[in-house]
Amino acid sequence: MSPDLVLQQALNGISFGALLFILAAGLSLIFGMMDVVNLAHGAFYMLGAYITLKIVDVTQQFWPAIVVAPLALALLGLVLEPTLLRRLRGRHLDQVLLTIGVALVMADLIGLFWGREIRALPFPPGLDGSVVIAGNVYPIYRLFVIAFAIGLALLLAYLHRRTAVGALIRAGVDDAEMLSALGVDTDRLFAFTFAVGAGLAGLAGVIAAPAFGVHPGMDVEALIYSLIVVVVGGLGTLTGAAAGAGLVGPADTFGKTLFQEFALALIFAIMAVVLLARPSGLFGRIRISR
Amino acid sequence: MELSDRPERRPKLTRREFIVAGSAVALAAACAPAAAPSPSATAAGATTAATTAPTTAVSSPGPTLKIGMLLPSTQVYAELGASQKRAAELYLKQAGNKIANRSVQFIYEDEASGDTKIAVTKTQKFIDQDQADLMMGIIATPNAYAIRNTVDAAKFIYLGTNAGGNAMTRPIANCTPSCFSKYVFRTSFSAWQVSEPLGEWVSKKGEKEFFLCYSNYAFGTESAAAFIEGLGKNGGKDTGKNTPPLGNTDWLPVLTAVKGQPTKNVFSFFSGTDAIGYIRAWDQLKMKDSGYKMYGAGFLTEQDVLKEVKTQAVGAITSLFWSVELDNAENKAFVDLYKKEYNLLPDVFAVQMWDGMKALDEALKKTSGNTKDKDAFIAALEGVSFKSPRGDFSFDKATHNVVHDIYIREVKTSGSDVVNSIVDKFGKVTDPGK
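Protein sequence lines, in the order shown, are assigned to chains A and B.
Residues 1 to 290 in my numbering are what the first sequence lists, from first letter to last.
Residues 291 to 724 in my numbering are what the second sequence lists, from first letter to last.
Where hints are given, some of them may not hold.
What the hints assert, rightly or not - Derived coverage of chain A by chain B (criterion: at least 3 residues anywhere in the stretch with Cβ under 8 Å from a Cβ of chain B; other residues may be distant):
no., region
1, 107-117
2, 147-159
3, 216-223
To be verified - One side of the interface only, derived from the structure: several residues of chain A facing chain B at Cβ under 10 Å:
no., residue
4, F62
5, D252
6, F254
7, E261
Just so you know, these hints were derived from the structure itself, not from any lab.
Beta carbons: idealized from backbone N, C-alpha and C, even for Gly.
With these hints in hand, go ahead and build the complete structure from the sequences.
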């Protein structure tokens, strides 16, 4: 590979990783706080993308989706947590099964409502062109994804570290029982966390829709990638999601270019190595044995 | 309104027939306990008469023709399944809801594309529980391979309407994963049939060097091999390959790699979501401006893809046995009828099922609706020949695979539409069968 080809593939990998970060942040947050592996996360992402499709179809505008879809998903999370998940609190396996059920029902309802055709979304105006980097054209939208993910990471880090809600979330991740004993309404905190996690999945769906299209099956793809990212990066922390996405995105891209026959195995191999060396992930605060 | 509606009320009519056919129904029900005691049971009431004198049962309606339809209704291929379902139902409707004077019942099962064991179980259900006369459908090649032994052992006719793996209609020494069975027919295509003529055509035009980019699964590999075979007939060859997995997520890295190599002609085998991702990334990297040219099997630019990528695909040259643009009377009638019924353009998958129904119709006319005599049924199918929306349609007796024309098409703009416009034709392309 020539140096400019390496640079281009690196950009591809980083922008894919940037999207994975948006996707995995929500999953990691929910797991860290509530100890629930939310397997409906991929379906939340899918719904976010389909809402974007609807908004673009109806209004011919992309930008409203970036607000509407995450809010809609947050609202859905706010309904699902108290009505379904809360009833099974502490029963991990049952909760996992429940989220699988939610994922299947959602994917089918989406198919029923939107049809099962494959759809592509145009890039939003202004971001549909390309720029020349080191003598090669490169699509602007991919650069936007990188910038957006960095901006979001900074915002989330600020909220997480410098605000009262962030402090509650950090405390909840460390020891939810103790937090409850101190008089914090953990029910509300859990519902809020689940809503934020679902909203982040929806946001990832919005950002991904123009780049990767909208189609049945996208939920499973997204779920697998986001699970790998949080396992590699470590569950429950933003730094972990960022590190995992930063590693998995480029690894997947270069893997598929350099060792095509092992492309799918490569990211799983990375996951296995990380788990052997650091069972709680690169920046994990939660031990898997808990 | 009320008055004119009344005589046509279905329940009353069926109930009367039900009483008339009374004892015969009970008999039929005893023979096939799983059959639903709905309208089909009344038709089955005539079974006894038909089976005692099968050849004279032309004027009175025969027993219900049961067709097992194994088509995906969930997962990624759901839309292909839906398209074939629409075509089958439309054919039956325009044929007056009867085939060879027998009323027809479609029994749908979900192909659930990922698991071949499920396909086998559902096939067995058609044979044992439903007592179906034959089965049709199957989108995914691994499923078609998987059910081969089941239908062959049961002497059960399978009319394949999509899965295009070469081996399905070819004799292979040790019979894995599949090999010719006289009970298997295919109305769709073989991988070879679609891609080999393109290789021959481009090399005849003087384009001898091609880079290959195709989905890394059996059908993609077979298609690329067939293309290279055609290319080789005029001294052409491939210069390298890039083979992303089926269902790839991010296409920019793939096209970055294609652009990073010097051969400008690229044979591209993708379909569905992959084709859309590939063509959009091709456009984002401005491959056309850098002199790259896209070639591929026709699925690359079929309606499902074209309506999403639109002008981004302009200039691509593909090969297929049909195009919605095809200028013949049957195609015009078919496209109009389909559009009127569903307010949709038909796709190639609909044509494959339409022709499957037509082939069945023609064959059963010759056997007077008899499907029990398998040898006569097979002989009738082998002799089928008709004008299809794709042109002349017949089966190759040696392989039971379809024989049809292959069209070379170029994606062009036509008014506000983007279409596959036909630029050349290969007459009566027959799979070599080995």
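Structure versus earlier hints - violations, ascending order = Going through the list in order, the structure violates hints 2, 4 and respects the others.
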